[in-house]
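Undergrad: These are the residues of each chain, in order.
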Amino acid sequence: MRVLVVEDEADLADAVARGLRREGYAVDVAYDGDEALDKAAVNAYDLVCLDLNLPGIDGIEVVRRIRANGDAEPPRVLMLTARDRTADRVIGLDEGADDYLVKPFDFDELKARVRALLRRDAGRSGALLQVGDIELDSARHEARRVGQPLALTPKEFALLHYFMSRAGQVLSQEDLLEHVWDEHADPFTNTVRVTVMTLRRKLADAGEGQPIETVVGRGYRLREEP
Amino acid sequence: MNTLERLWDRLPEWTRSIRFRYTLLYSAVLFGLAAVVLAAIYLILLMALRATPVSSGRGTFCMHGDCITVITFREAERLVNSEILGKLRYYSLGALGVLFVSSLGVGWVVAGRVLAPVGRITSVARDIQATDMSRRIQLPGPEDELKQLADTFDAMLARLDAAFDAQRQFVADASHELRNPLAIIRTNVDVALADPDASPDDLRQAIAVVKRAGDRMTLLVDDLLALARRQEPTLEHEPVDLGAAVAEASDDFMVPAETRDIVLDRAIAPGVVVTGDREALKRVVANLLDNAVRLAPAGSRIRLATGSEGNRAWIAVADEGPGISPDDQAHVFDRFWRADKARARADGGTGLGLAIVRQIVEGHGGEVRLHSKVGVGSSFVVWLPITRPAIDGGQR
Numbered sequence: 000m001r002v003l004v005v006e007d008e009a010d011l012a013d014a015v016a017r018g019l020r021r022e023g024y025a026v027d028v029a030y031d032g033d034e035a036l037d038k039a040a041v042n043a044y045d046l047v048c049l050d051l052n053l054p055g056i057d058g059i060e061v062v063r064r065i066r067a068n069g070d071a072e073p074p075r076v077l078m079l080t081a082r083d084r085t086a087d088r089v090i091g092l093d094e095g096a097d098d099y100l101v102k103p104f105d106f107d108e109l110k111a112r113v114r115a116l117l118r119r120d121a122g123r124s125g126a127l128l129q130v131g132d133i134e135l136d137s138a139r140h141e142a143r144r145v146g147q148p149l150a151l152t153p154k155e156f157a158l159l160h161y162f163m164s165r166a167g168q169v170l171s172q173e174d175l176l177e178h179v180w181d182e183h184a185d186p187f188t189n190t191v192r193v194t195v196m197t198l199r200r201k202l203a204d205a206g207e208g209q210p211i212e213t214v215v216g217r218g219y220r221l222r223e224e225p
Numbered sequence: 000m001n002t003l004e005r006l007w008d009r010l011p012e013w014t015r016s017i018r019f020r021y022t023l024l025y026s027a028v029l030f031g032l033a034a035v036v037l038a039a040i041y042l043i044l045l046m047a048l049r050a051t052p053v054s055s056g057r058g059t060f061c062m063h064g065d066c067i068t069v070i071t072f073r074e075a076e077r078l079v080n081s082e083i084l085g086k087l088r089y090y091s092l093g094a095l096g097v098l099f100v101s102s103l104g105v106g107w108v109v110a111g112r113v114l115a116p117v118g119r120i121t122s123v124a125r126d127i128q129a130t131d132m133s134r135r136i137q138l139p140g141p142e143d144e145l146k147q148l149a150d151t152f153d154a155m156l157a158r159l160d161a162a163f164d165a166q167r168q169f170v171a172d173a174s175h176e177l178r179n180p181l182a183i184i185r186t187n188v189d190v191a192l193a194d195p196d197a198s199p200d201d202l203r204q205a206i207a208v209v210k211r212a213g214d215r216m217t218l219l220v221d222d223l224l225a226l227a228r229r230q231e232p233t234l235e236h237e238p239v240d241l242g243a244a245v246a247e248a249s250d251d252f253m254v255p256a257e258t259r260d261i262v263l264d265r266a267i268a269p270g271v272v273v274t275g276d277r278e279a280l281k282r283v284v285a286n287l288l289d290n291a292v293r294l295a296p297a298g299s300r301i302r303l304a305t306g307s308e309g310n311r312a313w314i315a316v317a318d319e320g321p322g323i324s325p326d327d328q329a330h331v332f333d334r335f336w337r338a339d340k341a342r343a344r345a346d347g348g349t350g351l352g353l354a355i356v357r358q359i360v361e362g363h364g365g366e367v368r369l370h371s372k373v374g375v376g377s378s379f380v381v382w383l384p385i386t387r388p389a390i391d392g393g394q395r
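Protein sequence lines, in the order shown, are assigned to chains U and X. Numbering that gives the first Met the number 0 applies: residue 0 is where the first sequence begins, and numbers increase by one. Numbering that gives the first Met the number 0 applies: residue 0 is where the second sequence begins, and numbers increase by one.
Since the hints were made in silico from the structure, they are not lab data. For every residue, glycine included, the Cβ atom is placed at its ideal position computed from N, Cα and C. Wrong hints could be hidden among the right ones.
As the list claims (entries may be wrong) - Simulated pairs of lysine to aspartate or glutamate, EDC-like, Cα-Cα distance not exceeding 20 Å:
hint : chain 1 : residue 1 : chain 2 : residue 2
1    : U       : K110      : X       : D194
2    : X       : K146      : X       : D164
3    : U       : K154      : X       : D194
4    : U       : K154      : X       : D196
Said to hold, decoys possible - Simulated restraints on C-beta separations:
hint : chain 1 : residue 1 : chain 2 : residue 2 : range
5    : U       : A86       : X       : E278      : 21 to 31 Å
6    : X       : T258      : U       : G55       : 29 to 39 Å
7    : U       : A86       : X       : A227      : 46 to 56 Å
8    : U       : R119      : X       : E257      : 54 to 64 Å
9    : X       : R265      : U       : L92       : 53 to 63 Å
10   : X       : E142      : U       : A86       : 31 to 41 Å
11   : U       : A9        : X       : E247      : 35 to 45 Å
12   : X       : R135      : U       : L92       : 30 to 40 Å
13   : X       : D327      : U       : V89       : 41 to 51 Å
14   : U       : D98       : X       : E247      : 22 to 32 Å
15   : U       : D98       : X       : R265      : 53 to 63 Å
16   : X       : M253      : U       : E60       : 35 to 45 Å
17   : X       : M253      : U       : F187      : 53 to 63 Å
Said to hold, decoys possible - Sample of chain U residues at the chain X side, in silico, Cβ under 8 Å:
hint : residue
18   : R17
19   : A81
20   : R84
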């Protein structure tokens, strides 16, 4: 899952990005509204963590423009605000933010809200995802196949999470690069292919058959039924 | 006295109203005047007409068996006069009685009409007190005394409302400014603690970030407290050698200016003495210099000068910094206002420096002016009165 953190306090933005990256998200950072809009125009984010009070274009305007882009799958917006007055939150939610968090926040709560917002994408209601004989608990950061724990790196975990939230869909290498890797990933390396390969090997070691199949010329698909 | 008060307390509620008293007064005055006029007329008539009732006949004249009482013509006149005066007394007393009753009624109605707007003002004011301050009385009608009262009341409400709004805004701004460094501290600590593989370098970096945020909060809390304290009438009243205070305050900026390759020129006139708070005035100079040193480009010159003109002393700080656009000039003294939010915050400005300057200067009965041109530089000039009236105990 790809996340954009928009926050003008560099010390806060960097800490949030560091914490979310450790959770396996692909995180980009923007330090003002213009930069945020530029990045949102180029990359397909699943979630934007947005400070309301930004220099230049403020957070409300950023939400409005992201919503006005008319993307088929617009990113979820979690707004962070230092203003605790109801009126400020109402404006933010009315303009299209999906959730809010008042600063200073507990980082565990931020992670939980990010997970909850991304679950809404997958149309599921819990932190637990299940596809066939694979289970994934995004809160505990655990994945199992046939009850057997999988030892996955954060990137492999994020990749499996993305496959499971779009089970049955064909996902191209570009899709995976956009949603699982951040802007620092080099699109000309075979990092996606290598990570998919190691994930497939770990899945195959844990159970019968290969759930991730290759669709020639188009990409990969996680089979819904084993 | 006590029995009188108790008696007063025992009267029904409506007898304690202005309307009741006004009615009594009106009625009493009207009744009294009428009584005096009627009594005067009566007395004048009494004196002008000699009237005595005829008690007995003077004589009797009989003719053909019929007898009539015989009186003189003068006696007859007196008799008629006495009759008329008797009637006059009778009707006058009757008229006074009717007048008394009707004056009570008329007085009650007139007083009610006159006092109706007061009742309206009271009930609306009571409503406003209980509900929201944004409402106004807006008394309709001609521009009379009561309308003026209501308008004065409205103006007072508007000022109160604005003051409350400003206060609310200040609290919201202050909490916003404090929450950001708090969020930095909390998030950095959370993220560092949650990482079991954090290296000493990672931790050192997290601590450095926390320290930075802590320093920022310290500055901010200092400035907030300075603002809050200056709102109270706590400024000292002592003779201050302005030149010495300014020189002392600016000494602290010689080194920072030098490290930024900025020349700090001082032209301080000796012997200017103002009445006020020495520490507060030093803070004015320090805040102005702090802005100048932070924002002026390297290699530029900052000029600090003091002097006096007539019965006013001045302090001027001029820099060759970026300047302030005419649109922004109206806001520079606002709390938490920053020309460039992100940059000023990173440079360590709290956004309160100039607000504090203005508050202290106005507390001394002076004013601060800004002259600025984009690309040329800014100069701040503080004017202070040299003599302050000794009886002025509090602050403005």
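Undergrad: Could you tell me which of the hints above the structure violates, numbers in ascending order?
TA: Violated: hints 2, 5, 7, 13 and 14.
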